[in-house]
Amino acid sequence: MNHTKTFALGLALAALPLTGFAQETAVVVEEVEAVAPGFDEIGPYIMTTLLFLVGGFLVFWMAAGFAMLEAGLVRSKNVTTQLTKNIALFSIAAIMYWLVGFNLMYPGDGWWMAGYVGPFFSITSLEPVGLAADAAALDYASVASDFFFQLMFCATTASIVSGTLAERIKLWPFLIFVVVLTGFIYPIEASWQWGGGWLSEAGFSDFAGSTLVHAAGGFAALAGAIVLGPRLGKYAKDGKVVPMPGSNLALATLGTFILWLGWFGFNGGSQLAAGTVGDITDVGRIFANTNMAAASGAVAALILTQIMYGKVDLTMVLNGALAGLVSITAGPLDPSLFGALWIGAVGGVIVVFTVPMLDKFKIDDVVGAIPVHLIAGFWGTLVVPVYTADASFGTQILGFVAIGAFVFITSLIVWFILKATMGIRVSEEAEINGLDVSELGMEAYPEFSKG
Amino acid sequence: MNHTKTFALGLALAALPLTGFAQETAVVVEEVEAVAPGFDEIGPYIMTTLLFLVGGFLVFWMAAGFAMLEAGLVRSKNVTTQLTKNIALFSIAAIMYWLVGFNLMYPGDGWWMAGYVGPFFSITSLEPVGLAADAAALDYASVASDFFFQLMFCATTASIVSGTLAERIKLWPFLIFVVVLTGFIYPIEASWQWGGGWLSEAGFSDFAGSTLVHAAGGFAALAGAIVLGPRLGKYAKDGKVVPMPGSNLALATLGTFILWLGWFGFNGGSQLAAGTVGDITDVGRIFANTNMAAASGAVAALILTQIMYGKVDLTMVLNGALAGLVSITAGPLDPSLFGALWIGAVGGVIVVFTVPMLDKFKIDDVVGAIPVHLIAGFWGTLVVPVYTADASFGTQILGFVAIGAFVFITSLIVWFILKATMGIRVSEEAEINGLDVSELGMEAYPEFSKG
Amino acid sequence: MNHTKTFALGLALAALPLTGFAQETAVVVEEVEAVAPGFDEIGPYIMTTLLFLVGGFLVFWMAAGFAMLEAGLVRSKNVTTQLTKNIALFSIAAIMYWLVGFNLMYPGDGWWMAGYVGPFFSITSLEPVGLAADAAALDYASVASDFFFQLMFCATTASIVSGTLAERIKLWPFLIFVVVLTGFIYPIEASWQWGGGWLSEAGFSDFAGSTLVHAAGGFAALAGAIVLGPRLGKYAKDGKVVPMPGSNLALATLGTFILWLGWFGFNGGSQLAAGTVGDITDVGRIFANTNMAAASGAVAALILTQIMYGKVDLTMVLNGALAGLVSITAGPLDPSLFGALWIGAVGGVIVVFTVPMLDKFKIDDVVGAIPVHLIAGFWGTLVVPVYTADASFGTQILGFVAIGAFVFITSLIVWFILKATMGIRVSEEAEINGLDVSELGMEAYPEFSKG
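Chains as they are written, first to last, in our numbering: chain A, 1 to 451; chain B, 452 to 902; chain C, 903 to 1353.
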């Protein structure tokens, strides 16, 4: 009831015992409201919670995607170790993000804490069973669903690292790095933006994490690759780069398709709302753009490798699709489909050019994770202002550099400490025999003779 | 309103000028409506959009299913090529359907165009970011989500073709065919029915695409197989058919499970609505029927191969499940579970009988896509009137023949042009050495010696 | 406002132009109610139906997970057979659960029957197409979606059995056992709890089936393993256990990730409601707890195998994750995240200790299904009262023992009958040559020479 009407009504009711009438009016309204909280009020909460759960299980699935991609791109003698790292890193991330990460990442937001979670560095708790509608923050979603969703992003960051460092890193030092990365490094830098920190206030724009997740993972991997050094025999004395082809391209392709699928949850879920027409429509835009960028990244790499090398290179096409996905991740909502097309295509082009470039610096990135996640991540972050009005190139670069520097330096320190204390690299003999036999005593394909 | 209040109200209103009261009452109603558009109005839009997004990612997943199925059923020397074709065809479909297909397929429906998309053959645009509730077509779903969902069907049609033509077709002519198929052939024929075209007006019934997607893909594959010819050595001079077993039945089985999973989105999403009790209940019916038809197709092939050959044939069981799925796709809603059972079982039987039949015509279909998608697609289309009241056998046959003829003839022309210009078949030497080494220079399993 | 009240109101308003007022007031109320059944009423039905469909397709996906896990853990000469069993058992379960199981499992609930389904042992029917809102049980979900969801649990029970008995059981006797298990044994014991039977009335608590599904499958497998005997050469005459490593750990890891993903549907969907704030929030809790238990199970096995054997054992880590999942399944809602952590971790520890223990009894469980599903299932069932107020240790043990005894004894009888009539074990020669060549004449990896 607006004021004008109230006033007009007041005049009309001049002869009326005012209290009685007011009471009656209230009753009518109360009757309507007595259905509350109805779907009008709880619908958005339910839909956004559902978005986090569906988005979360899709991003969980990316852990399997990384595992398959990496298992397919390493040589068969290192497959068991690569699989072990992937399932272990996800599991460790799940525990560390609960133990430390989640509250460290969202320090300033009273909502997170209210009633359920304790102070900094404490263990995250969930809302009570059978939460009453009036006890819920109906303008958002359940804490548990949000925790579940955000955890998957933390784990993804760690997944990126394992591919680069494959085939020569020891298992346990790698897992200890994962503990630090998922418990501290990622939550701190992610907090700068998604926890409402200084980057967010500076106007940095990274919708689903081209920088916060992908470049961050890439920087942690880069630091590790520098400290660890290349695989034996990768760079011959005459300067030639020795190709070490992956053992199972069917698995690598499967991994790429899994990641592509999971990315719908990664980007779509990052809308963080699904209970209004505007929000669910935006989630739809994000799905369509995400798919387009992946497709154009793949096609760009397909065409470019044909032109440059005279033949298509499947691993480049796979990495092209992934680079397209990383590229659109900083801004999957605002671009048109044509925008997503060219942003993703540039991502695919970047991969084709930067994979050989890394080899020039003798940085041995087994699966191409640095080009895909760090360099395409930079591209995706940089291009945001083209379509997003309130973003600026300066701030985008600032954010990328700040997060990159923080993750790179802290990772470098951790890698150096690990190297100095327990050592991070297997022996030459172990590397030549393969980590599966030497570290785990278990081959992935024990019955198939090696060519 | 309780009695006390009613009584008090009555007394208080004794002297009231009635108009004033009426006005107040009106205000009350406005207050109630002011919450609008509430979930009553936007709920169906949100749920249907969600259906398209979930359905769409499930159908996307079918692209991975085809890739794994086909990679598992070709010989190891052609696996990299088969994987490359699959990820490339999906990516090309995603671009072509945006560039041409979607608007070509839905030409007559003002809704599609309104504000977002241009005329024929133009590029599809999405609705603006943060769409207001009153700007949305609340009786349907977001354009982006629908585009995303429909695109996956277009891509599926192309996926069907790649399996049949495996192990001897050149990569680029195949991809050019995909450009034509996904940009023009599929959208035109699909438009006849789903775009509100003449077949739809004639009363043709094809709920999720037994004919429009599966048989269409099968006809395009058949045309290609005829123009391309069989693999070297497949049909010996003495008339014997030489078996060329797939290199990895674990992958083929995985692919089948992926397709089965994706099919819930394929058929369930084709309800095109999920925001009413009737619609969501129908989606449930479709899930149950789709699962039943797949199961009965598998069991039929299981039993039949045991009876006919004295032993179960896994590839037939996999294709039986897929044939069951194709069979139910034209009408997954109306049959009872018993209906789905026998429709799917007949699909499984069809596969067991028609796979060898194709060999008699020396049509070399590497993965059995023509029996599964074309022949079971015909069966599924034909059987619709048994359970669907407003369908007729005559119209079903008309639709199948019309679409079959159109796709077959246009495909044949495209294949002939490609053959005449750039050639579609690799050299004999390349075919013997395998396309992976000869065309791409990259083996899928480089370390495993071949038996 | 009902007529009586309107009448009373009318009398009280003696001085008022009566008809006008009453009419107007009535209009106000009617206008509000005329929107019915709006989303307030149908929203919960739609959301719960959606939960069953999404949960159901996730649990369906577990069938693929079991197939990949088992195919990866058997030797390559038995892979085709293992894949065949897995797709066949799911298909048979789908048919048997419809033909008998569903109605046998829910005998006493009028809701199931009303209008759609017939008496005991009859065929399950679905609700009619285009169900009207006022014909639906709006406080629950669609029958079809529930049937779809419940069917997947029945199939899961059967999936558990196939892994244990791999590499020496004949195909058809195994499938006949599946017919009995999915049509009768599982539905009867599940009915005791989920069908509202005596265990449910006794206060037994098994949220998603640690006992009803997992331990039941484990007991059926145990009975089979005893009747069938170990693989040739598994237990050497000198008492040593001969390791028979799985042929493809990449597949086994993929299978584990698939199962982990599917488990979100398994446990989350078992909330059986998603249309209120409390329910969807609970589903979120369940997702978070389920993930935590899997992660801690994996980490526990990771650390423990390192400590016990001096090196990490990937297959134990995979089984540790699965044991964590089984452990949390009886009560995934009530524990805190810390509760899920230690419950899952104990599950992981159990697997590491009980896998070798089974070998001492010369029970040959090829994939470790008995430790994972039966023993961790017991643990998960037993621990429920720690977090669930209305559960007691006594009743939990009673339920486990009752179901265990029923499933074990009936399974034992069926296995003995099968052994006595058609025989359940392949010949020694067939076992040595592998079931793929001897039973199916089709190798899974025909081109790869065996080491």
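Keep in mind the hints are simulated off the structure, nothing from the lab.
There may be inaccurate statements among the hints.
As the list claims (entries may be wrong) - If you want the footprint, here are the derived chain C segments under chain B, 3+ residues with CB under 8 Å: (1) 1188-1200; (2) 1337-1344.
Said to hold, decoys possible - What follows is a list of derived Cβ distance ranges for each label pair: (3) C/Met1259 - A/Asp139: 28 to 38 Å; (4) A/Gly394 - C/Ala1291: 38 to 48 Å; (5) A/Lys419 - C/Lys1213: 14 to 24 Å; (6) C/Ile1311 - A/Arg425: 39 to 49 Å.
This one's a predicted model, so the numbers in the text were calculated from it and none came from an experiment.
Backbone N, C-alpha and C define an ideal beta-carbon position, used for all residues, glycine too.
* **Hint check against the structure, violated hint numbers in rising order** => Hints 1, 3, 4 and 6 not satisfied by this model.
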